[in-house]
Amino acid sequence: MRILAYADRISVAPGESLAVKVSCDGLDRYDAELVRVIQGDTNPAGPGYREERIELDLGGPFAGRHQALRPGSAAIVEPFPSARLTDGLTLAVALWPTLPGAGRQTILAARDPDGGRGFELALDESGAPSFVLSDGREEVEVSTGRPLVAERWYCIAATVDPVSGVVRIGQRPKRHYSAVGDSGERDHRDLPSGGFVPSGQRLTIAARSGADGHLHGFFNGRIEAPRLLSGALPLAEALGSMDRPADPADPRLVAAWDFSRGIDTEGIADIAGSAHGRLVNLPTRGVTGRLWQEHMRDWRQHPEGYGAIHFHDDDLCDAGWETDFTVSLPELKSGVYAIRLFADGESYYVPFCLRAAGESRKRLCFLMPTASYLAYANNRIGIDVPETEIMCGRLMEMHAGDLFMQAHPELGLCFYDVHNDGSPVYYSSRSRPVVDMQPGWVGKLGGVGSNLWQFNADTHILGWLEHIGIAYDVVTDEDLHLHGATALEGYDVVITGSHPEYYSLAMFDGLRSWIEAGGRLIYMGGNGFYWRISFHRDRPDIIECRKSEDGIRAGSPGAGEYHSSLTGEYSGLWRRNGMAPNVLAGIGMVAQGFDESSPYWRTEASWSGKAAFAFEGIEADVVGDYGLSGRAAAGIEVDAVDHSLGTPPHTIVLASSRIHTQLYLMVPEDMLDPTPALSAVETEVIRSDMTFYDIDAGGAVFATGSIAWAGAMAWNGYDNDIAGITENVLRRFLDPDPF
Amino acid sequence: MSRYRISEADRPYAEEFRRNLEADTYYHSPGLQRVLNVMRGSPKAGKYVLIVREPHARWALGRMPAARGEPVEIVPNVEYTDLKQAEWDVFCRRWKDLTGADLGIERPGRP
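Chains as they are written, first to last, in my numbering: chain A, 1 to 739; chain X, 1 to 111.
Everything labelled a hint here was simulated from the structure, so no lab data went into it. Backbone N, C-alpha and C define an ideal beta-carbon position, used for all residues, glycine too. Hints should not be assumed to be uniformly reliable.
Beta-carbon label-pair distances, calculated as ranges [to be verified]: (1) A:E331 x X:E22: 54 to 62 Å; (2) A:G345 x X:R58: 48 to 56 Å; (3) A:V149 x X:E73: 32 to 40 Å; (4) A:A517 x X:R58: 50 to 58 Å; (5) X:E73 x A:E52: 51 to 59 Å.
A few chain A residues facing chain X, derived, Cβ under 10 Å [to be verified]: (6) V180; (7) L364; (8) R380; (9) I383; (10) D384; (11) M391; (12) G393; (13) L395; (14) M396; (15) V442; (16) G646; (17) P648; (18) P649; (19) R658; (20) T661.
Just chain A, with the same shape it has in the complex:
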């Protein structure tokens, strides 16, 4: 992939503009065009790839240039008041390293770029704390020589006495085991010949400044309560000072950063003065620190327990690329569009939603699940996760894009990955190239057949809408989050994507309020409304999810870390927040498997009764024994009725799946007492229920309970019973008559 790009927005209205940021690798020039995305499946057995070129001069061709991706989180304090340190210094900090010994890692540095004058506390190559002094020509380094043990709390202190010329460093574990040998101290009796010269430019935490203007030497792990005092304290006193919060009244205190303040911000507060700083690339806040105790659950209630920040060398919040060109969107019909960048036989798509202009809303809306796209952005399932082959029941296919992702981990992570240090990923951002959100992209979990996932899987729905010729608008999750039910106002029917899994409170409430006001929802997927996420308060390009308690997840947050750092909300399953998907959709997630899907067997209710309109003209007893996502209509991730979880009592089950492979296992949140009968072969719990319920105000929900549904609609050029059922439901939902 020699072109990468992203835009500043994912949802725009006519008249608004989109800033496109592009990086080229070995391409001097590239061109750009606007396309409407209609059907992104390239499977020869599918309905055929389709996009529509829009006549609009975007200003190209453009000069290609390389823009780098620079992952790694840190804090920067600039300017840093170093003048008070000329009489010597004491530096103390608490540390919970996660990858000691994996290269040199800076803890705190106040040093001219690239090893110039100043001082730096780091973990050396062996993982032992090391203190470096430099006068710009000569360097003195003293290490404790005692490598730290991963994932244990330590206090580290270093002192410099310019009069005696003694430099000391020491470390003390929070819990001491004499057999481990991870405490100790060292001193050194010669300063550099130029003496002790603190740098006055900038102080960095968890990284150091390079001569190239970028940060290097990233630290992996947690840092808490770094503080600097003027003068050299006895080492024992310096280490002991970490047992208490820094005292702002202490006249020796030059700076002390209390990370428990402003946890929901990207700033760090100096409680001694005004050396406040800013965070780069969103390290993880709201994590437990050295003073955390087992009764603490919420950083808002017990900030003193959450004074640490977890830094990672692979955090990437914002690529920060410069804009290459801006597109002002003309009056076009609402839809899913993309800026297509192309050169030398290569293409890269930057998709976005063009909303309807002002009053020109249509009656039908496709709710583009952009939060779920973001949750899976650049996911490394099948690349980093070797178990994916078991889950999919077949060999992993590595397409060119997968090989590119394997070669370029700097693209950043998502909720399905773990950091290099094994800790779970809590944040995902769209301010970076999201390579797997493009038409034509083949996924890993999409089942036997086309194997599509999220964005590209949803083009099966867009293609079907185009095929039946019913006009629609598009609105994104981000719009629903920012504007609630207002984002859907005026629409009679909303269609979801194939896997609308991640919902914020505002999204959940907004969709529910719209249904209660008479809106009719077609839930065209599986495992929807599952995880509760938080959006960054000021930046909707960033979301957070902490997969607390249970659910299907790549990693588990530590004890006491179940609350979002961005908002304080209790993160995790909506089910654990008292609102299971069943409350909204009528059904909720029961199992997943990524090989073969199952047909649906009809119930009596599909032949006659209130909801039989869905099957009008459908003669078969069994429907959906075909498809592009697992070769049948019910599968991948499947949902079923569960009245104990809030399925409305009058919900009608029109059909259910029956035959799933052994790869479909009961979800952890349903598994109270594990027994050997948890696979779909043995338990009837695992099935997809096709359901309908309505409410007095005229609102209604039709739910398919299957990610594979859209792939079945697209079978045989959208000419099949599953597409027929969906069209029946859509046309009836557009009819305002009560049910």
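Fit chain X to the given chain A structure using the hints.
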């Protein structure tokens, strides 16, 4: 890491896998599933994957590296034009890796 060790006693499941590939079904017996779980559950380093040469048409055989950023190794002179052929070939390779013996069963669909 699986506790189960594949042995000659699992040979009937190899036969079943061959039949299932021919029948184009993913519904396996519990015994075959256990064998497949062992084979497919290997760690990332050295794991067999298919390198797509032409989508839906042609694949090479590759082995994953241990870490992010490292290149995927291409197994020389191995290419498939059908996914069942690839599944069977990798099954046989893994059988030999895990038991030390050749499976010696002809691949499905061979004319």
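Against the structure, the hints:
1. For the hinted restraint 54 to 62 Å between A:E331 and X:E22, the CB-CB distance of approximately 57 Å keeps it satisfied.
2. Between A:G345 and X:R58 the beta carbons are some 19 Å apart, a value that contradicts the proposed interval 48 to 56 Å.
3. At roughly 34 Å, the beta-carbon separation of A:V149 and X:E73 lies within the given 32 to 40 Å, and the hint holds.
4. Judged by the Cβ atoms, the range 50 to 58 Å given for A:A517 and X:R58 holds: they are separated by roughly 53 Å.
5. Remark: the range hint 51 to 59 Å for X:E73 to A:E52 is contradicted by a beta-carbon distance near 41 Å.
6. At a threshold of 10 Å, the smallest CB-CB gap from A:V180 to chain X is about 27 Å, leaving the interface hint violated.
7. A cut of 10 Å between beta carbons decides the hint on A:L364: the least distance to chain X is about 33 Å, and the hint is violated.
8. A cut of 10 Å between beta carbons decides the hint on A:R380: the least distance to chain X is about 8 Å, and the hint holds.
9. For A:I383, the suggested interface contact is upheld, since its CB lies about 8 Å from the closest CB of chain X, less than 10 Å.
10. Restraint check, A:D384 versus chain X: the minimum CB separation of about 7 Å is within 10 Å; hint holds.
11. Hint status for A:M391: holds, given a least beta-carbon distance of 9 Å to chain X, under 10 Å.
12. With a cut of 10 Å, the hint placing A:G393 at the interface with chain X holds, because the nearest CB-to-CB distance is about 5 Å.
13. About 5 Å separates the beta-carbon of A:L395 from the nearest beta-carbon of chain X, less than 10 Å, and the hint is met.
14. About 5 Å separates the beta-carbon of A:M396 from the nearest beta-carbon of chain X, less than 10 Å, and the hint is met.
15. The beta carbon of A:V442 is positioned within 10 Å of a beta carbon in chain X (closest approach about 7 Å), and the interface hint is therefore held.
16. Evaluation of the A:G646 hint against chain X yields a violated restraint, the C-beta minimum of about 33 Å exceeding 10 Å.
17. Because the smallest distance between the Cβ of A:P648 and any Cβ of chain X comes to about 34 Å, over 10 Å, the interface hint for this residue is violated.
18. A distance limit of 10 Å between C-beta atoms decides the matter here; for A:P649 the minimum to chain X is near 35 Å, and the interface restraint is violated.
19. Taken as an interface hint, A:R658 does not check out: its beta carbon lies about 12 Å from the nearest beta carbon of chain X, beyond 10 Å.
20. Because the smallest distance between the Cβ of A:T661 and any Cβ of chain X comes to about 5 Å, under 10 Å, the interface hint for this residue holds.
Of the hints listed earlier, those the structure fails to meet are numbers 2, 5, 6, 7, 16, 17, 18 and 19, in rising order.
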